[in-house]
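Asks: So the protein sequences, as listed, match chains A and B. As numbered in our numbering, residues 273 to 563 make up the first sequence, in order. As numbered in our numbering, residues 243 to 394 make up the second sequence, in order.
Source of the hints: derived by calculation from the structure; they are not laboratory data. Any given hint might turn out to be false.
These stretches of chain A come out as covered by chain B in the derived footprint (C-beta under 8 Å, 3 or more residues) [what the hints assert, rightly or not]:
no., region
1, 325-338
2, 421-428
3, 470-481
4, 529-537
Chain B stretches covered by chain A per the calculated footprint, using a threshold of three residues with CB under 8 Å from any CB of chain A [what the hints assert, rightly or not]:
no., region
5, 257-263
6, 340-350
7, 357-371
8, 378-389
Looking from chain A toward chain B, a few residues come up when the C-beta cut is under 10 Å (computed) [stated by the list, open to error]:
no., residue
9, ARG278
10, ARG298
11, ALA302
12, PRO311
13, LYS321
14, TYR383
15, MET396
16, VAL465
Each residue gets a CB set at the ideal place from its N, CA and C atoms; glycine is no exception.
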Amino acid sequence: MNMFIRIIAYILLAPIVGGLLEGIDRKISARMQRRVGPPILQPFYDVIKLFKKQVISVTTGQSFLLITYLILMIVTGIMFYGGTDILMCFFVMSTAATFLYFASVVSSSPYATIGSHRELIQMMSYEPAVLLACVGFYLATGTFNVSEIAQSQISNIAYLPGFFVAFVFILTIKMRKSPFDTSTSHHMHQELVKGITTEMGAQNLAIFQITEWYENVFLMGVIGLFIVNSNPISIAVAVAVVLVTYFLEILIDNTSARVKYELMLKMSWMVTLFSAGVNLLVLMLVQRGGA
Amino acid sequence: MANIKRSPWLLHYDGSSCNGCDIEVLACLTPVYDAERFGVMNTGDPMQADILLITGGINTQNQEVVKQLYDQMPRPKVVCAVGVCACTGGVFKDCYNILGGADTVIPVDIYVPGCAARPQAIIDGIVQAVELFQKRSEEHDALVKNKGKEAS
Ligand code: SF4
């Protein structure tokens, strides 16, 4: 019963929470640049407007691929908040990301194609840390099941600080924020036009936007999973940690210039190897010693 | 009726301007004027743009480009010519390669005069363009609705 409430809450609330987070993001970014900034509800105005514009599709397949991307991302979130296998959630998320790649590359526009190729490189950069995080959860709790992980005695971050650092690092790549916004550009006058979203207009762009909101809420949920334990108070702590993490992402976004993809790949793999990898070794040694 | 004027996305195209007006357009986005507080975004992608902001006159080489950009923008859309060059051809009017203002190739709705147009004037132009955008959008909605009725 509880599970159904959580799933329905995710389906209904995730776009609202995701949109609000983006609105706050834009407001804080503006304040960091000493501007007034748009209203917090701006992302919703944008999406409503996009739905009302004339639809010009470069290829008919694009809408279908984007809707599949949206549905798979919702399924990822449902599985996560429903409390099933965390490994499975990340597999479905990767499949969703592949559909985004196809939706962009079918347009055969040069900008969209370069953007989607870079998106693939971004996937290569963050995948190892994501998979290691799953392994970390398994070693710490002995299960891949999300609801059981959330019921552990003490917060998992106590066992998995290195995994947490690696996950927060790749979150910047996953959320396509500067310095790792190589596949798309949120700011004007960049060489890629809009990268992966160049050929998406009107409805299609709105669907992309809503999917991003679902995705962000899912990723923030994973951050929260590092914190929650059997004590209900930990949920409040998890929300606080999620908000701090999000603020950190905004800060990084506003204080760094984008890097080349080689550097992105090297940096993310290094961080993954050193923080998550070392954490993994220590965890295995300690457990061997305990047994 | 949804209020879509809160989210105007701009496409800025530089015709054959001297760059004076372009600098002023960019000045609108700086902290002093901050056009983003009206929801304005400078997209650079015609597929996602609502308002075409054009600076500089039309010459023989860019007339096709301007036409194509205009055609690529989804309806409803508004065109705003910034600076006398974009309005009439300005100081370059009699050059051998200049055809005239932006309205020689596409229909222009809002003319912002000035050489260079001041940021205040540009923002005023954008605000007027946004009002027009809202009106066009309502007309567009009515059109879509009528079409739906005819079909059923
Ligand atoms: S109107 Fe004046 S400042 Fe603007 S592009 Fe023309 S010559 Fe330059």
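Asks: Are the hints correct? Go through all of them and say.
Replies: Taking the hints in turn, this is what the structure says about them:
1. 325-338: Three-residue rule met by the region 325-338 of chain A, so holds; n is 4.
2. 421-428: n = 0 at 8 Å, threshold three: violated.
3. 470-481: With 6 residues close enough to chain B, the hint holds.
4. 529-537: violated (count 0)
5. 257-263: This one is violated; 0 residues, fewer than the three required, reach chain A with a Cβ under 8 Å.
6. 340-350: Our answer is that it is violated, as 0 residues pass the Cβ test (under 8 Å) against chain A, missing three.
7. 357-371: violated (count 0)
8. 378-389: holds (count 3)
9. ARG278: Status violated, d = 31 Å.
10. ARG298: Result: holds, 8 Å to nearest chain B Cβ.
11. ALA302: Status holds, d = 6 Å.
12. PRO311: holds (8 Å)
13. LYS321: Holds - the Cβ of LYS321 of chain A comes within 10 Å of chain B, reaching about 4 Å at its closest.
14. TYR383: holds (9 Å)
15. MET396: Constraint on MET396 of chain A not satisfied, violated at 26 Å.
16. VAL465: holds (5 Å)
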